[in-house]
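K.L.:
Here is what each chain is made of, one letter per residue.
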Amino acid sequence: MGVTGSIFPIGLNELASISSLVKNMVDEEKIDKTVITPLSKLLSVAKEREAFWKDCKKISARNAFMMYHAWRNLRLIISKMITRFTEAEQHHENPTTANDSLRLLPSLLHTYTFLLELGERELSVDEHKRLYDQITILRNSAFHTGMLPLLEEEMKELDKKAMVVEFGKFARGIRFDKTTSKGNS
Amino acid sequence: MPEESGSTKPRLKVIVETSVLIGASIYIVAKELETTRIIKDPHYERSTQLIDILRKNVKRRIGVFTQTLANQAHYTLRDAVGKCLEREKCNPENLSAILNHCGFLLERTLEILVREPIDSNVKDRFMTDVGQMYALLLQRTGLVTKDTIRSMARERAQWRVSPRYRKYVVPDEIRKLNRSYLQLTLLKENPPSTSDCEILAEAATLYEAYSEEMPTELYLASNDSSHFSPRRFDDGSFSNQVTKQIEESFNIKCDWPENIVTLIK
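Top line first, the protein sequences correspond to chains G and X. Numbered by the numbering used here, the letters in the first sequence go through residues 2 to 186 in order. Numbered by the numbering used here, the letters in the second sequence go through residues 1016 to 1280 in order.
There's no promise every hint is true.
To be verified - Here are the simulated lysine-lysine pairs, DSS-like style, with alpha carbons at most 25 Å apart:
1) G:K55 with X:K1104
2) G:K48 with G:K34
3) G:K59 with X:K1098
4) G:K130 with X:K1098
Since the hints were made in silico from the structure, they are not lab data.
Pulled out of the complex, with its shape left as it was, chain X reads as follows:
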C-alpha cells in the first residue's frame, strides 16, 4: 500500500541503518535479571523511539531495511560474542543466552519493517559514486589542519573585534571552527568501510526505485555521525559536511532516529 497516495506531499520512507537496529537490540531489564541493573546500548533510547513509532505506523510501511543491513546487524551480534569468548573468556552458556535475547529483539524489530529488494546492477553503479564521494570528502579533510583553522580563526577575529582584543577572540573562533568541521575530522579518524559504502549505495538504489514510482522523501536513520548523521551540539549548532554531501549527491537525508520520529508523528 503506497504511503500517502493521492496527496501532493512526497511519501516518507525511512531506511533503518545497522547502528539503529543494534541500538534497539542491546537491552536487558531488571525484571529479566532480578537485579536493579539495566544494561543497554548508549543509543538504545533514541533507537527504540524510532522503532516504536514505526511499529505504531506499521500499516504505512514507512520503515524499511535491506538484507545487507539485517546481515550486518546479525554479524555485529555474532562478532561481539566471538570477541567476548576470545578476549574476555566469557561463559558460553551466558553468551548463548545473550545472543538469543539480543537476536530475538533484533528479529522483532525486523518484523515491523519492510524488506526491500535491491537491484545489484544499480547498486554496483552507485558503489562507484559513493566511493568517489567519500574519497573527495577525505581529500577535503586534508585541508582541515591546525594551521588552516588558526588562520581562518584569525581572519574571522579581524572582522569581529579591534586588534587589541583579537588574542582573546581567536581561541574562541578556533573552538567554533573545530566544532563546525568535526564531522570531517571524524571521517578522517574513521574512514568509511566497505559496508558503510554498501549501505549508502543500497539507499541510493532505493531512492531511484522509489522516485520512479512517486515523489519520495528518503531518510537514513543512523547513530553513526562519522559517515551519515550530522554531528549535533547542545546549543543547536551542528557539523554536517558529510551529511550535506550525501543529500546533494544522492537525495538521501541522514539523521539521528529521534529527529526522524518528529517527521512521522
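In isolation and in its complexed conformation, chain G is listed as follows:
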C-alpha cells in the first residue's frame, strides 16, 4: 500500500483521537482503555509500513533502511504504549500512564507526520539526517516516559545468534585507531 492509499489519513485520524483521549485522561486522572482501539489501528499502520520498507528496493538501501528503522521504532513504542494502558490498573499506574503518554505524544506525532511527508521517495542527505535525529528524539522521549521497550523485549523477535554475528561486523566497521594506546615496547 502506497502513501496515496487510505491508510495515512486513517493514521492521522487515530493520532488525533489518541491525543484527545489522553488529554481527557490527564484532566480526569483516570485511564480510559478505549484509547487502545486507535492505538491498535495506528500499530497496524506502523506494521504495514515497516514490512513495506524492510525489503524495499525503490530507493537506496541506506534510505530504505532509515525509513524501515523509523517505522519499526514507531511500532515498538506504540506496542509499549498499548501494554502500559492495558496493564495500568494492574501496576497501579493510573494516571501515570496517561501523563507519560501526553509527554510522549508530541514527538510521536512529529515523527509520524514527518514520515508521511517523506512518503516513498528518495531522501536527501539532510532528510536522512533529520529522520535519524527525529528517531533519536522520539526514543529519548519514550525512554524518559517509560515507553521504550527494553533491549531484551526488542530482542525477543530477533535471531540472537545472527544478531551477535552482525553486531561484530558493525563493531569492526568502526575504527578510529586500529591499534591501542600502547605500542610495542
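Put chain X on the given structure of chain G with help from the hints.
P.N.:
Frame of chain G; chain X shown alone:
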C-alpha cells in the same frame, strides 16, 4: 556551578571526543544476547572508565561535549550501519536493533555531559590556526625518513659505544627513534580530516571562553593517537610530537581517557 570556585587551583574541564563517545557505546553483553560472547569496541574499557567517573562527578560539570562531537558520533553509528547494509548484506531488523542499542548508550553518555555552545566566528578563526599547525606538522613528517633515522641512529651510537660495537647498537637506536617519532609517522599515514580540525578548533574556542571566566585546565579525552593523544608504550616511553604541538599552540592537553581519570579522582 563553576568547578572548584574560590580555590587557586585551575578548574578542570574535559572535552569528550567522538572516539571516546563511540568507544563507550559499542558494547553488548551476554545477558542481553543469552550467549557468552561479549562484543565491544577495542577502546570500550578505557572509554567507560572515564564516562563512569564523569557520571559519579556529574555535579562538578567536568565532562563537556559540543553539538559537532555529538553529530559526529551519531554519524559514525549511522555510517557503520550503512556499510553493514551495503557490504555485508546484514539483516535490517538486526541492524535496527543494533543502532537502537548503541544510539541508546550514546545518548545516556551525552546526558551526563555538559553541551557547550560554540561561537562560530571564534571557531572559524581557530580553524585556520589548526589547519596551519597540522600543515607544519605534516611538513615535519617529511624529515622523518629512513635515511634521516639511520644517520641519527649512527650519530647516537657514536656517543654510546666504541666503533667496534656500533653495528650492534645502531639497529637498537633505529628502533628507538622509529618509536619516538611514531606519532608523526601515524599523522603522515593518516592526515587529519576536516572533522579532526573542527574538533580541535572547537576545543580552542572553549579554552578561550573558559579562560576568560577563570583559570582552566582543558583536556581533550581521545582514543585517537594519530591526531590527538600521545602514543604510549608499555615501558613508559611515548611519542608525542603532535600532542605537544597542540598543547603549545592551543593550551589543550590531549590524552587517553584512562589517564584523565586519575586527574578527576
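K.L.:
For every hint, state whether the structure bears it out.
P.N.:
Checked hints:
1. G:K55 with X:K1104: 13 Å, holds
2. G:K48 with G:K34: 21 Å, holds
3. G:K59 with X:K1098: At roughly 19 Å apart (the allowed maximum being 25 Å), X:K1098 and G:K59 satisfy the hint.
4. G:K130 with X:K1098: It holds: about 16 Å lies between the C-alpha atoms, which stays within 25 Å.
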